[in-house]
Every structure is written in structure tokens, then in C-alpha cells.
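Student: So the chains spell out like this:
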Amino acid sequence: DARVTQTPRHKVTEMGQEVTMRCQPILGHNTVFWYRQTMMQGLELLAYFRNRAPLDDSGMPKDRFSAEMPDATLATLKIQPSEPRDSAVYFCASGLVIGQGSYEQYFGPGTRLTVT
Amino acid sequence: GESVGLHLPTLSVQEGDNSIINCAYSNSASDYFIWYKQESGKGPQFIIDIRSNMDKRQGQRVTVLLNKTVKHLSLQIAATQPGDSAVYFCAEKTGTGRRALTFGSGTRLQVQP
Numbered sequence: 001d002a003r004v005t006q007t008p009r010h011k012v013t014e015m016g017q018e019v020t021m022r023c024q025p026i027l028g029h030n031t032v033f034w035y036r037q038t039m040m041q042g043l044e045l046l047a048y049f050r051n052r053a054p055l056d057d058s059g060m061p062k063d064r065f066s067a068e069m070p071d072a073t074l075a076t077l078k079i080q081p082s083e084p085r086d087s088a089v090y091f092c093a094s095g096l097v098i099g100q101g102s103y104e105q106y107f108g109p110g111t112r113l114t115v116t
Numbered sequence: 117g118e119s120v121g122l123h124l125p126t127l128s129v130q131e132g133d134n135s136i137i138n139c140a141y142s143n144s145a146s147d148y149f150i151w152y153k154q155e156s157g158k159g160p161q162f163i164i165d166i167r168s169n170m171d172k173r174q175g176q177r178v179t180v181l182l183n184k185t186v187k188h189l190s191l192q193i194a195a196t197q198p199g200d201s202a203v204y205f206c207a208e209k210t211g212t213g214r215r216a217l218t219f220g221s222g223t224r225l226q227v228q229p
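Read top to bottom, the protein sequences are chains A and B.
Each residue of the first sequence is one higher than the one before, starting from 1 at the first, in the working numbering.
Each residue of the second sequence is one higher than the one before, starting from 117 at the first, in the working numbering.
If we strip away everything but chain B, and leave its shape as in the complex, we get (with noise of 0.2 angstroms):
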């Protein structure tokens, strides 16, 4: 898919370095989070979720952190690779009765050999 925006806000990152990407959501009732990672001409890919009764999740190389104070999301990356390279998105669920995700705008992350 195409790559989102021509002012998306950039992360250049070098390889081997921690990568941190924040997303602010503005819902206080979103009770779930995504976080999609999107390469150069292929769709969203999942990364990792979060519910909202939780402040942190691990998975492989990579930890979402949520603080439901300031409705504040942040995705680590840890040893940024340069597959790593891509468009991220944070995605939020809000309500019970909407199953639909509302996505944000994006932040690409260039990692730099």
C-alpha cells in the first residue's frame, strides 16, 4: 500500500539502537489497543496489543506501553533492525458495542545501517 502522508513524523533510528514511537489518542473510553506496521506496498501487518486494563505488554523485541492518565501509547522497539524499517500505526478501539478500530496517521521509522 502506499506510504501515508507526505508529513508524516520521522524516526531515523541507527541499527542496533532502541526505537520508541509514541501515539496520543484522544477517546478516554478506547479500551483497546493495535499497533500495525506497515512496509513499503503491502498492507498493515499486527504487531502487538493492549488492553486498557493493562499498562504494559512484551512481545518479541518489542513492548507497548499505555498510560490511560494522559492517553498516551508508546511502541520499543528493542535492537532496531532495518526490516524494521516502516510506517507505524496506533490503532484504538472505543466502546463495547463498535468492534471497528480508528487508526492514527502514522510515524515511519528509517533505521540507518
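So that you can see chain A by itself, here it is in the shape it has in the complex (with noise of 0.2 angstroms):
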């Protein structure tokens, strides 16, 4: 049963530290999307991947976020330095996009990061 993983699943860590989280794509998927949830601005799209080339970090902060992907089996997402109002859950979610079809993402299961 493929599925997205993704690391850690909780973080807890002080303002100003660097944080990544990692995930890891369903083999042979060819897009990778980071999403951030939070109870008053829910599911937000800080960036996506396609054939590990970044096609849009519009929704991401550039002075604090970056997002790579190392391989196709890795995308992480780096926040240095973090600050409270990045805590949140950040999903990762893979999709495979072959001519117009279907745009299904499959999500992981979320980091849940706290910063204090």
C-alpha cells in the first residue's frame, strides 16, 4: 500500500532553530506539494515540485522557507530561523500528472510543528 511519509510527525522547538521536515513521495509520482494548516487559515500551498523542479513557492515566506528536492524519494522543507506563527501542521502531498489528467494528491499524514 503506497503511501507519502513523512518526518517527524511532532516537533517541538524554541524560536530561532532551524527546523526541516522531510517527506518521502509515493514512488513514481512526479509532483510534490507542501501544504500548511492551521485552525484560522487552513490548507495553504507554500510550494510544488514537478519532476523535482519548483514550479510555484509563491505561498511561501522566501526570508525564512526553502524548499528542495535532494532526489526524487526526498523533498524537504526548511524553516530557519522559526518563529511561534509558523506553528502549524505542514503536509506533504505527491500526485502523478500526465497530460491533463487526473490532479488527485495523495497526502501524508502531517508534521505537527510547535514552536515557542
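Since the hints were made in silico from the structure, they are not lab data.
Note that the Cβ used here is the ideal one computed from N, Cα and C, for glycine as well.
It is possible that part of the hints are untrue.
What follows is a list of derived Cβ distance ranges for each label pair [to be verified]:
(1) Glu83(A) <-> Gln130(B): 42 to 48 angstroms
(2) Asn30(A) <-> Ser168(B): 37 to 43 angstroms
(3) Ser190(B) <-> Thr38(A): 22 to 28 angstroms
(4) Thr126(B) <-> Ala2(A): 32 to 38 angstroms
(5) Lys158(B) <-> Thr114(A): 17 to 23 angstroms
(6) Pro54(A) <-> Arg173(B): 29 to 35 angstroms
Starting from two chains that each stand alone, build the complex the way the hints lay out.
Tutor: What follows is the structure, encoded as C-alpha cells:
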């Protein structure tokens, strides 16, 4: 049963510290998405990649957030320095887009980040 | 994942009844729509999708209706079960160049046994 995995599942850190979240997309998927979910803002797209190339990161605060795909099996989202307002659940999702096919995204279980 | 929003609209139904969850979208250029279900502590899970060249699509116990005239999308769940209790999101994709989805704010479905 293929699924998206994310680590860590929970992270508590102090303001100013660096946070790195990792995602392993489903093997064979060619798109990867990072979302942030909060009580107030709901589900927000931060960045997405197709064939490992970043296509859109307009939803991401550039000064402190960075997203990369070192290889097809790993996507990372880094926050440096972290701030309390970054506290949220961060989801990674992957999908397979071919032509005008389905845009279904498979979500991971999320990383719950708390910045104190 | 966290449930979304202290002020999520909530639909409460009795077990066995049919549920209808509505979603309004604003971009007439949106050409693809998905419904997701999110249970407490989990990521969103795909339910059903529909393209803008269709007005109805059926799955197992679920039906999605699309009314492009009024930019409205609905999800119908037949014979609602306690396991259907979750937050439901509609998402849309706009245009041919952008592949990302834009998610709505969600509706909480509560099924009373």
C-alpha cells in the first residue's frame, strides 16, 4: 500500500531554531506539494514541484522558508529561523500528472510543528 | 492534521440519512474539482473528482454535482455512516498552466448514531 511518509510527525522547538521537515513521495509520482494547515488560515499551498523542479513557491515566506527535492525520493521543507507563528501542521502530498489526467494528490500524515 | 477553523460550518445528520455538502467557487476558469475528506489527526484523503465538462459524477455512496452557471459544487453522501464524520474540503484547479489546487475552508460533517 503505497503512501506518502513524513518525518518527524511532531516537532517542538524554540523560536530561532532551524526546523527541517522531510517527505518521501509515493514512488513514481512526479509532483510534490507542501501545504500548511492552521486553525485560522486552513490549508495553504506553500510550494510545489514537478519532476523535482520547483514550479510555484509563491505561497512561501522566502526569507525563512526553503523547499528542495535533492532526489526523486526526498522532499524537504526548511524553516530558518523558526517563529511562533510558524506553528502549524505541515503536509506533504504527491501526485502523478500526465497530460490532462487526474490531479489527485495523496497526502502524508503531516508534521505537527510547535514553535515556542 | 488539525481540524480546520474554529468557525467551520457544521452539518449534523442522523446515521442513515443522506448528506449534502456544498462549496462555492469564485473562478470561472477553474476546470477541475476534487473533494477531500480529512479525519482528525490525518491528512486529507481523496474522495472524488470532476472535470468542468461534466455536471455529475458518481462514486461509491458519493455523488459530486457541478453547476458552472452559479459556480457551485456539491458532495452528496448516501446513507451516511459514523465513519463519514470528518471535515470535507472542495478544491479547484484553475487554468491549464497551473497544476496546483486551491482548497476551500471546509465543512465539518457530524453523524449522529
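Student: Would you say the C-beta atoms of Glu83(A) and Gln130(B) sit inside 42 to 48 angstroms of each other?
Tutor: Given range 42 to 48 angstroms: holds, Cβ gap about 45 angstroms.
Student: Assuming the hint says 22 to 28 angstroms, is it satisfied by the Cβ distance from Ser190(B) to Thr38(A) or not?
Tutor: 26 angstroms, holds
Student: May I ask you to test the hint 17 to 23 angstroms on the CB atoms belonging to Lys158(B) and Thr114(A)?
Tutor: This hint holds: roughly 19 angstroms between Cβ atoms.
Student: CB of Asn30(A) to CB of Ser168(B), is that within 37 to 43 angstroms?
Tutor: 23 angstroms, violated
Student: Taking the beta carbons of Thr126(B) and Ala2(A), is their distance inside 32 to 38 angstroms?
Tutor: Once the Cβ atoms are compared, 33 angstroms apart, the range 32 to 38 angstroms for Ala2(A) and Thr126(B) holds.
Student: Take a look at whether the Cβ-Cβ distance between Pro54(A) and Arg173(B) falls inside 29 to 35 angstroms.
Tutor: 32 angstroms, holds
Comparing the model with each earlier hint shows a violation of hint 2 alone; every other hint is respected.
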